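> One line per chain: the protein sequences are A and B, in this order.
Sequential numbering of the first sequence, starting at 1, is according to this note's numbering.
Sequential numbering of the second sequence, starting at 1, is according to this note's numbering.
Honestly, the hints are just simulated from the structure, not real lab data.
Warning: the hint list may mix true and false statements.
Since the list gives no way to pick one copy over another, a pair counts as held whenever it fits inside one copy or between any two copies.
Calculated pairs, DSS-like style, for lysine-lysine (alpha carbon to alpha carbon, straight line, at most 25 Å) [as the list claims (entries may be wrong)]:
id, residue 1, residue 2
1, LYS314, LYS381
2, LYS308, LYS239
3, LYS295, LYS381
4, LYS283, LYS258
5, LYS239, LYS258
6, LYS49, LYS187
7, LYS308, LYS258
Since the structure is predicted, the reported quantities are computational estimates derived from the model, not experimental observations.
Number of protein chains: 2
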Amino acid sequence: MKDIVQKLDLADETAGRLDWLGEFGKDSEGGVSRLLYTKEWVEGQHALKEWMESEGLDARFDEIGNLYGTLKGKNPNETVLTGSHVDTVTNGGRYDGAYGIVAGIIALKYLKKHFGEPVRNIEVVSMAEEEGSRFPYSFWGSKNIVGLAKREDVESIKDFDGVPFVEAMKNAGFGFKDNAEGRKDLKAFVEVHVEQGSVLETEETAIGVVNNIVGQRRYTVEITGQANHAGTTPMGYRKDALYASSHMIHEIISMARKVGDPLVTTVGKIEAYPNIVNVVPGKAIFTIDVRHTDKEAIVSFTEQMTAKMQDIAKEHEVEMNIDLWMDEDPVPMDQTVVELIEKQCEANGLNYKLMHSGAGHDSQIFAPVVPTAMLFVPSLKGISHNPAEFTEPTDLAEGVKALIGALYELGYKE
Amino acid sequence: MKDIVQKLDLADETAGRLDWLGEFGKDSEGGVSRLLYTKEWVEGQHALKEWMESEGLDARFDEIGNLYGTLKGKNPNETVLTGSHVDTVTNGGRYDGAYGIVAGIIALKYLKKHFGEPVRNIEVVSMAEEEGSRFPYSFWGSKNIVGLAKREDVESIKDFDGVPFVEAMKNAGFGFKDNAEGRKDLKAFVEVHVEQGSVLETEETAIGVVNNIVGQRRYTVEITGQANHAGTTPMGYRKDALYASSHMIHEIISMARKVGDPLVTTVGKIEAYPNIVNVVPGKAIFTIDVRHTDKEAIVSFTEQMTAKMQDIAKEHEVEMNIDLWMDEDPVPMDQTVVELIEKQCEANGLNYKLMHSGAGHDSQIFAPVVPTAMLFVPSLKGISHNPAEFTEPTDLAEGVKALIGALYELGYKE
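Using the sequences and the hints, build the whole thing.
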C-alpha cells in the first residue's frame, strides 16, 4: 500500500481537474459562480457524470440532483461515501467543495486500478448544494442523503431574482424525492476539503485530520443611546451608542483572546446611526460570532460575555438588546474513522495533524447518523469564498493520497 | 427700557412668524427643505421682503441674494447688523437660521415703535446661505457681506442634480457682486440662534450669551488589518481592524471625557469591511471630530490622541492612516459687545448664562472683521437639523427681548 501510494503522481491531475471544473460557472471577475440549479451548475454536474463514467464508475443522479459515481463492491448493501458539494458562493473560488469531488473521483480511479473490486461499494458524491448562496437554505444536498431535508422548507422560498426553488429544480431536470428517508447503506463518510483557514499553511503541514466541527452562536446586538450634535453636546450629556459599542467590542474580543484556542469570537459587522461625522451616534448595531468545539465552553463564554456587556451598557446608560439567532452544537467526528485515517497517514508517510474545523461542512449533516471524518489541505493565506482561493498542487495530491488510504481501509477491509 | 421690554408680549408673534416662514419649503416629511436659490428659497426671501416693508423697514437685496431690512438712523454711514441665514438643511427644522431673521425683524419693529429713529442704522439680514446643503460651499451669505467670498470657489461647483451654482443663482434672479470688497459701514453684528444643544434646557436658562465659537479638527482614520474567516482563523492569527478600531474609539472618547468641558470629541461615523458577520474585518474607517474654545487645547489633545492611537495600532499590528481634513481655529466673540449684552440682560431682568457655541455660525465669519456676539435660546432636547427642532414660544420671546436690549444699546447710544 505504502509503495503504491507514495509512487502516485497526482499533483497535475488534481490541479488540472479543478481548473477544468472551475470553467463551469467561471465569472467575469475571475471567480466561479456555480449556484444551485443554474445552467452552469447543470452543465458542471453532467460533465462530472461523464468523467465518472469515463473512469469506469457507475454514475447516476438521485431525484434532487446529487450525483454519485460508484465503484461497486462484493457487498452491494454497504457503501463507503466520499465527496463534497458542487455549488459555490457567488464569485467564489475553484477549491471549496469542488476539491472534495475531484479528490474522490481520482481516489476511486486509482483504487480501482491498483486494488480492483472492493469489499463494499465505494462511492463519490457531487452534492447539489451546501452554501445557501442562491436560496435561503443550506445543505440541501447532504440533508437529502441522510433524510433531513423537508419539502416544506423549500416549497415557498425564492432566489434573489424571485425564481421559486421548486421551479429552478424542475428546470434543472430534478424534483423532490418520493421517499424522504435517508440512505441506509452508508457505513462511513469521508469528506476532503480545503481548510479555509491558515493553520496548516502556518504550521507547514499538508494534511489536517478533523476530529471536530465547531459549534457556533451568532448574535445581533443593538445599542440605543441618544443622537446629539457633536459640537453642542458636552461629553457628560451624551449617551453615545458607538462609544458603548466600542467598549463592548474591545472587551469581548479581549476576553476571547484570553480564553484562547479553540475559542474564536468575531465582531464582523457594525453599523452606526445616523453615521455622520458631526453627530453623536444614537444607535449602533453589531454582530457577534462565537465558535468552539465544546458546547459547554460556548455556553460559559457567552454567559460571561453577555454579563460583561450588560455591565458596560449600564455604565454607559444605554439600552442593549441582544438577539441570539444562531445556536449550533459542535459536531464531533467519528473517533474510529479519525483514528483509522491517522493510522493510514502514518503508514503511508504523510505529514498530518489533528485539528478541528472552524467552518461548517456537509460532514456535520452526516456525522449524527453515519461514522464521519474529514481531511483538510492548506488554503493559501486562509483565503476562501474568493477567486484567490488556492492550494498548492502538491498539497492537493497529499490530500488525495490520504483519502485513498482512508477509503482503502474502509472499503477493502472485511 | 426695562418697563417697555418686560411688557412686550412676543411669544405668539415670534412663534407664529416661524410657522409662517416654515411654510416656504415645507416638505412631505414634516420638515423644511429650503435650499439656496431653489423656488422655495426665492419665495421665502420675497415674502420676508414684503414683511420687512410692511413693518416700515427699507428692504433690499444685494447682488447675490442677501436680503436686508433697514431701520434708518441719523448717521447713514454706520450700521448695526443682526440676522441669520434663510437656508435650511434638507429636511431640517423651522428654527435654525430662521429664528435669527424673525427675531431681528420683530426687534426692529418694536425698537422703531418705542424708540423711533436710532443714532445709526439698525439692519436685519436674511442671509442667502450658511448650511452648505445644496452646493459644496458654506457661508455664501456672510462671506459675501464681509468680502471673503471668491467667485472662483463657486464657479465650477454643482448641486446633487448637476445644476451649476452660477445657473441656479441666475435663475433665482441674482449674480456675482461687482465689488468683492466687504461692507465698511458695519459697527457690530449680533446673531440670535437656537442653541442646537441641550445646555440651556438642562440648566433651565432662557438665554445664552456666546463668548466663543469653538475651533474644530476633523479626521478620517483608516485601519488596515487582514480579512479572515471568522471560524477558521485562531485569535492569535488575526489582524482585526475593528478590534483595533474599537480599542482606539474607546480610548479616545474616554480621554476626552477625562479632559472635560469645553472639549468635545465624537466618533460619529464608522464603516467596517467587508462588514459580514462571519468575516474578521480587514479594514475599518472612522471619523473623529474634536472641538474646543482654545486652539492650544485642541492641539494638545489631538497630539495625545494620535500618539495613543499609534500605540494601539502597534499593539494590534495593524496599519493606521490618519487624515486631518478640517482644522478651524476657535473664534472669540467681541468682549465689549458680549459685556454690553450681559448688562442689558441684567438690566432687563432676563435669565442668561455665558457660554460657548459648539457649532459653527455666520458669526464666525463676521467676528474677525466686525465686533460680533451671539445670543442663544434653548433647543428642545438639543434637537436640530431635524423636523423635530423646537423652542418654547416663551423662550423665543426672551431671545427677542435680549436682542432688543442689545440693539438698543448698540444703535441708539452715541
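> Does each hint hold? Answer for all of them.
These are the hints, each one checked on the structure:
1. In this assembly of identical chains, the alpha carbons of LYS314 and LYS381 lie at most 25 Å apart only when taken from different copies (22 Å versus 40 Å within one copy).
2. In this assembly of identical chains, the alpha carbons of LYS308 and LYS239 lie at most 25 Å apart whether taken from the same copy (18 Å) or from different copies (23 Å).
3. For a Cα distance limit of 25 Å, the shortest separation of LYS295 from LYS381 qualifies neither inside one copy, at 28 Å, nor across copies, at 47 Å.
4. For a Cα distance limit of 25 Å, the shortest separation of LYS283 from LYS258 across copies, 23 Å, qualifies, whereas the shortest one inside one copy, 29 Å, does not.
5. In the homo-oligomer, the alpha carbons of LYS239 and LYS258 lie at most 25 Å apart only across protomers (16 Å), although the nearest pairing inside one protomer, at 29 Å, exceeds that limit.
6. When the C-alpha separation of LYS49 and LYS187 is checked against a cutoff of 25 Å, the pair qualifies only within one copy, where the shortest distance is 23 Å, while the shortest distance between copies is 90 Å.
7. Proximity of LYS308 to LYS258 under the C-alpha cut-off of 25 Å is found in both arrangements, the shortest distances being 14 Å within a copy and 23 Å between copies.
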